[in-house]
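J.: This is what each chain is made of:
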Amino acid sequence: MRTEATARRRVRAAALGVVLSCVTAACSVVPTGRSPVVEDAGKGNPLNPPYARVIAMEPDADWTPEQIVTGFRAAMASIGDGKYEAARRYLTDDFAARWRPETGATVYRPAPSVTSPLPEGATAARVTLKGTVTAVIDREGRYRPRGGTLAELFTLVKGPAGWRISSGPDGLLLTEADADRAYRLVDLYFLGPKGQGLVIDQVQMPVDPASTLAKTTVERLLAGPSGSLRGAVETAFEPGTELIDVTTENNRVVVNLTRKVPAERVSAMSAQLAGTLSRLASGSSFEVRVNGEPYHTDASLLIDAQEYVKFDRWMAPADVSPYYLQDGGLRVLGRENVGGPVPGKAGTEYPGSPATPPAVSGSGPLHAAALSEDGKRISVAALTPDGQWEDWISGNDLVQPSWDRHDSLWTADRTGLQSSVVLRMYADDRRQYRVAAPELDTVEVTALKVARDGVHVAVAVKDGTGERVLVGTIVGERADSRIGNLQPVMDGDEKQTIEDIVWKDGTTLYVLTGKSELFEASLIAEAQQTIPSPPGIRSIAALNSSLLAWAVDDDGNSQVIKWNGKQWEPQVKDDNGSVAYVQDGPALPAFPLG
Amino acid sequence: MATPKKRRRTLRQVARGVRRRARRAAGRLRRVFWRSLQLRVVTSTMVISIVVVAVLGVFLMQQIQQSVLESRVRAAISEAQADRNAVLSILTQPEREASEQSADSGEAAQRTGDSPLSQATEALAQRAGSASRYSVIIRNERLPGEFFGTTNIEPKSVPDRVRAEVLKNEAGKNASWFVPLHYADRAEPVPGVVIGTRLDTTGAPQLVGDYEIYHLVPLDREEKMLASLQQMLIVVGSGLVLLLAAIASLVTRQVVIPVRLARQAAERLAAGKLDERLKVRGEDDLARLAASFNEMAANLALKIHQLEELSQVQRQFVSDVSHELRTPLTTVRMAADLLYDAREDFDPMVARSAELMQNQLERFESMLADLLEISRYDAGAATLDVDSVDVRDVVLRAVADSEALAERHSTRFDLRLPGEPCMAEMDSRRVERILRNLLFNAIEHGEGKDIVVTVGADRDAVAVAVRDHGVGLKPGEENMVFDRFWRADPSRARTIGGTGLGLAISREDAMLHGGWLQAWGAPGEGSQFRLSLPRTAGAELRGSPLPLVPPEVEMRRTWRGQMTPVLSPASADGGSDED
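Protein chains in written order, with this note's numbering: chain Z, 1 to 594; chain B, 1 to 579.
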């Protein structure tokens with residue numbers, strides 16, 4: 001009895017305690033001394049980064065002709081008005097019916113416009129828009145840097161509602177700032193030939209305010225590659241696949257599609273999506289759903305943010321050691337920046353020119369290729385203990401060889417003063433094919449490098465006007481191999497020779513000029529000197545963020561130097577751990593492929 | 001033609017049926033409501049608590065809504081102020097650098113390639129983050145092309161009236177409006193607030209025109225929050241109301257159940273179960289009520305017992321006296337008969353006395369018989385000898401018996417009998433006696449006018465009404481006529497020698513049949529007595545086939561338009577006239 005009573009009293013006391021604590025907790029409106037329980041807001045909405053846009057204004061009756069042209073220019077830059085209705089209000093009815101904005105856009109850097117002084121009571125006027133053309137954007141959104149001057153003439157007439165443009169150029173005229181606002185650069189990831197590897201298609205995509213950037217990007221990915229890559233790349237998606245939506249759930253990006261892909265292409269599709277969205281939603285994982293349902297009936301398809309790196313090791317290769325030449329043999333740079341000879345004959349003997357870096361293949365039994373000093377022979381040695389140098393290709397005047405990821409060796413033979421032939425030789429059966437490249441037949445190819453994606457190819461050509469760097473794509477294989485879509489990425493002049501070109505990654509290449517200037521060039525931007533280069537650079541090698549160069553000082557001592565992001569520093573240590581420039585020191589660095 | 005008519009009729013009938021049923025249901029509901037104290041208390045508690053909760057909820061909701069929106073708008077205004085300063089600094093900086101150039105900003109914009117206003121908008125877009133926080137629209141009407149927005153806000157989100165107010169206000173003054181915000185990627189507008197102002201450019205005279213800056217803050221999250229709050233308030237409020245109703249129900253139940261028990265006990269007590277008692281539990285008010293009730297019941301039982309005993313003694317006394325009187329009376333009667341038979345031998349005085357004695361002795365005898373009969377009823381010894389008979393025959397027999405007396409009073413009978421037999425289970429001897437009594441009574445008080453005897457029948461009951469056109473009854477006398485030895489006018493002598501017990505016995509007879517015997521009368525209108533009997537012995541009588549008030553009287557009253565108060569039922573047995 002007594003224990004029962006005590007127990008009851010205890011229960012009552014506990015209940016009272018609970019009630020009291022509840023009451024006192026309710027008294028303080030904002031609790032102190034504990035962390036708030038709220039869901040992490042995350043990184044906002046990564047799928048749609050904020051931006052500013054021009055809103056088209058109605059033309060005003062009191063505006064001068066120049067102001068009308070200015071307003072028209074702004075209205076052309078107004079995104080989200082797909083039919084350019086606001087812009088057409090600046091035009092006379094007649095011209096508005098004729099004007100075709102969809103033919104593409106010209107991007108220019110404006111200069112002061114020239115206006116003829118307007119007499120009192122005039123009913124017609126002319127305004128010339130002047131500037132420097134920097135790029136053109138075609139219908140497909142391909143952005144191509146261009147040069148040249150811009151002088152577009154607009155004629156205006158005065159109507160009852162003020163001045164209106166009665167004639168002018170077709171297409172859009174965008175200032176650089178307008179183009180920056182109206183277009184977004186996105187990397188679309190496609191599959192290389194036979195579904196191997198990833199190929200980046202860089203396009204400028206018009207900003208659509210009615211959609212998110214992620215959505216328009218994926219829609220653009222589903223629409224297929226742009227013209228320059230058509231035929232050269234594949235996509236994992238089934239034809240007719242459409243995007244329903246791209247959303248974020250719990251910091252995970254959910255891509256909702258209408259169709260599945262065949263089971264063997266799921267990883268390829270995952271890589272394409274992860275790569276394409278990696279710039280937008282970096283670090284987030286992805287999930288693919290089909291018509292709102294999980295991809296697999298029993299499980300959802302989760303994609304790691306780094307899926308594209310796993311799919312294609314050349315996207316972000318780790319532990320790839322550079323090769324270099326020293327003491328007459330090919331060496332590979334080890335962990336402590338101390339080099340060691342490669343296995344086989346190549347480690348002790350180098351039949352190539354002392355000025356031309358070797359080419360190293362990327363997979364299978366590794367091979368090194370060297371161009372002989374007279375340029376007539378290319379020798380290849382397997383980097384295995386029993387590897388021997390063998391002559392693979394002979395020609396009149398060959399250029400430095402380049403391996404692609406499919407284990408074929410590329411080179412160009414200058415058969416005459418202004419004619420070149422591109423050759424491709426497969427390592428597996430040692431068969432050599434002539435590559436169709438009509439645009440290169442009549443020029444002198446000075447360098448040819450296949451990018452690590454196996455599709456892009458950079459070619460340095462020399463003709464009467466000077467040296468240029470072109471980037472094209474490889475279509476087909478073996479006898480059907482073809483190089484097409486060559487676009488200039490850098491124009492040299494007579495004084496500027498091109499020493500070396502190397503691919504940094506699938507989209508960008510480094511160009512070394514005769515003046516030891518280092519340019520970064522790509523299809524979507526003007527070539528720019530982004531990295532200062534010390535004099536005496538003879539050759540370069542690059543793999544993503546690693547950039548190596550062979551530098552020779554005034555005394556003829558050489559060393560391989562590396563750009564660490566801020567400055568160049570000597571790279572190869574000798575047996576004593578010294579990185580000094582030495583006579584016959586490390587030279588001709590090379591990374592596999594590229 | 002016939003079918004639609006028929007259908008119309010059926011439709012009308014259906015409608016009428018529905019209406020009738022609805023009315024009946026409403027009536028039942030009303031009855032239940034007014035009979036159940038618990039239901040009434042719960043209902044009124046619910047009504048009051050609903051009103052209180054609704055008023056409180058609306059007030060609370062308004063307060064919360066106001067404070068939430070106010071704080072959001074205030075935060076937005078301070079954000080807008082900070083943004084404005086940023087815009088001003090961006091706008092003035094490059095201008096200062098390019099101050100030697102032409103002040104025509106249209107040209108200036110082209111020279112630099114990107115207008116400072118667009119740079120400012122871009123900066124604001126980055127500050128605002130993704131569109132969910134806020135959007136900005138900046139414009140300068142004087143400068144062509146200087147009209148920018150962030151991300152996907154549509155310019156129509158700034159209505160003309162807001163612009164008009166902004167342009168009318170002095171520079172730097174805010175104008176805020178709640179407006180629907182339109183976004184390019186959403187089909188439906190989002191509720192939001194727009195805070196517009198003209199940039200105060202007094203410190204930067206180089207700036208041309210009015211820079212209008214609009215901050216558009218979506219309030220969809222607030223709306224969602226307030227909506228869920230409202231929902232919660234409604235749920236909590238309804239829960240509270242139900243809880244209060246449950247509490248009220250529980251509390252009233254605690255009070256009502258003992259009261260109900262007490263009522264049931266009282267009903268049983270009233271039905272004659274005098275040993276009915278309540279359970280007394282605890283010491284509260286209800287327990288004391290139960291105790292008092294029990295005490296009252298005990299006292300009542302005691303008193304009733306005493307009265308019953310007394311009444312028993314009296315009845316026994318009357319019965320004994322009647323029995324005891326019979327023996328000497330028989331002797332006296334025999335002696336009187338002798339005297340009466342030999343009256344012709346007496347001198348007239350004595351002969352007349354003998355006649356008188358004979359008459360009074362007969363009356364005495366019948367009175368004694370009636371007394372004995374009524375004491376049988378009092379003792380509960382009366383039994384029915386039930387048989388199925390035609391009421392018309394009984395009536396005719398009773399009329400035949402009364403024929404002689406009627407002739408003496410020059411009264412005629414007007415019989416209104418139905419054509420078909422009116423069979424009913426009854427003790428015909430007793431019913432005949434009732435009718436005889438009624439007819440004698442009518443002859444006695446009919447003042448020689450016609451007596452109407454009506455027989456009526458329906459499915460469940462038969463009825464006989466005897467109507468005279470004599471002096472009638474005064475109000476309140478309808479019940480008293482059935483009392484023993486009651487006389488309408490005490491000064492009036494009994495002319496046909498009634499014992500004063502006839503109607504009382506008739507009433508007892510009718511009750512023994514489970515029927516009613518009721519009287520109606522009005523001064524100058526005569527009176528009517530109605531006997532209603534169930535067709536089946538032992539069945540409960542629900543109504544009578546004949547009206548208690550003669551139809552011609554009723555009609556006359558209606559014509560006069562003065563409705564008399566409803567007549568109270570004449571019988572004390574609870575029977576009521578429901579036809």
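Source of the hints: derived by calculation from the structure; they are not laboratory data. Quick caveat, the model's predicted, so the values are computed rather than measured. Hints should not be assumed to be uniformly reliable.
FRET-style restraints, in silico, Cβ to Cβ [to be verified]:
#, chain 1, residue 1, chain 2, residue 2, range
1, B, Asn85, Z, Leu118, 38 to 44 Å
2, B, Arg133, Z, Pro365, 54 to 60 Å
3, Z, Pro262, B, Asn85, 42 to 48 Å
4, B, Ile64, Z, Asp304, 52 to 58 Å
5, B, Ile64, Z, Thr32, 48 to 54 Å
6, Z, Val29, B, Arg133, 38 to 44 Å
7, B, Arg74, Z, Thr297, 35 to 41 Å
8, B, Val18, Z, Glu242, 53 to 59 Å
9, B, Pro155, Z, Pro262, 52 to 58 Å
10, Z, Leu185, B, Leu240, 42 to 48 Å
C-beta atoms are modelled at their ideal positions from N, C-alpha and C, and glycine is treated no differently.
J.: Take the hints in turn and mark each one as holding or not.
T.: Going down the list of hints, with the structure as the test:
{"no.": "1", "hint": "B/Asn85 x Z/Leu118: 38 to 44 Å", "result": "holds (39 Å)"}
{"no.": "2", "hint": "B/Arg133 x Z/Pro365: 54 to 60 Å", "result": "holds (57 Å)"}
{"no.": "3", "hint": "Z/Pro262 x B/Asn85: 42 to 48 Å", "result": "violated (58 Å)"}
{"no.": "4", "hint": "B/Ile64 x Z/Asp304: 52 to 58 Å", "result": "violated (44 Å)"}
{"no.": "5", "hint": "B/Ile64 x Z/Thr32: 48 to 54 Å", "result": "violated (23 Å)"}
{"no.": "6", "hint": "Z/Val29 x B/Arg133: 38 to 44 Å", "result": "violated (25 Å)"}
{"no.": "7", "hint": "B/Arg74 x Z/Thr297: 35 to 41 Å", "result": "violated (52 Å)"}
{"no.": "8", "hint": "B/Val18 x Z/Glu242: 53 to 59 Å", "result": "holds (58 Å)"}
{"no.": "9", "hint": "B/Pro155 x Z/Pro262: 52 to 58 Å", "result": "violated (47 Å)"}
{"no.": "10", "hint": "Z/Leu185 x B/Leu240: 42 to 48 Å", "result": "violated (60 Å)"}
Checked against the numbered hints given earlier, this structure breaks hints 3, 4, 5, 6, 7, 9 and 10; the rest are met.
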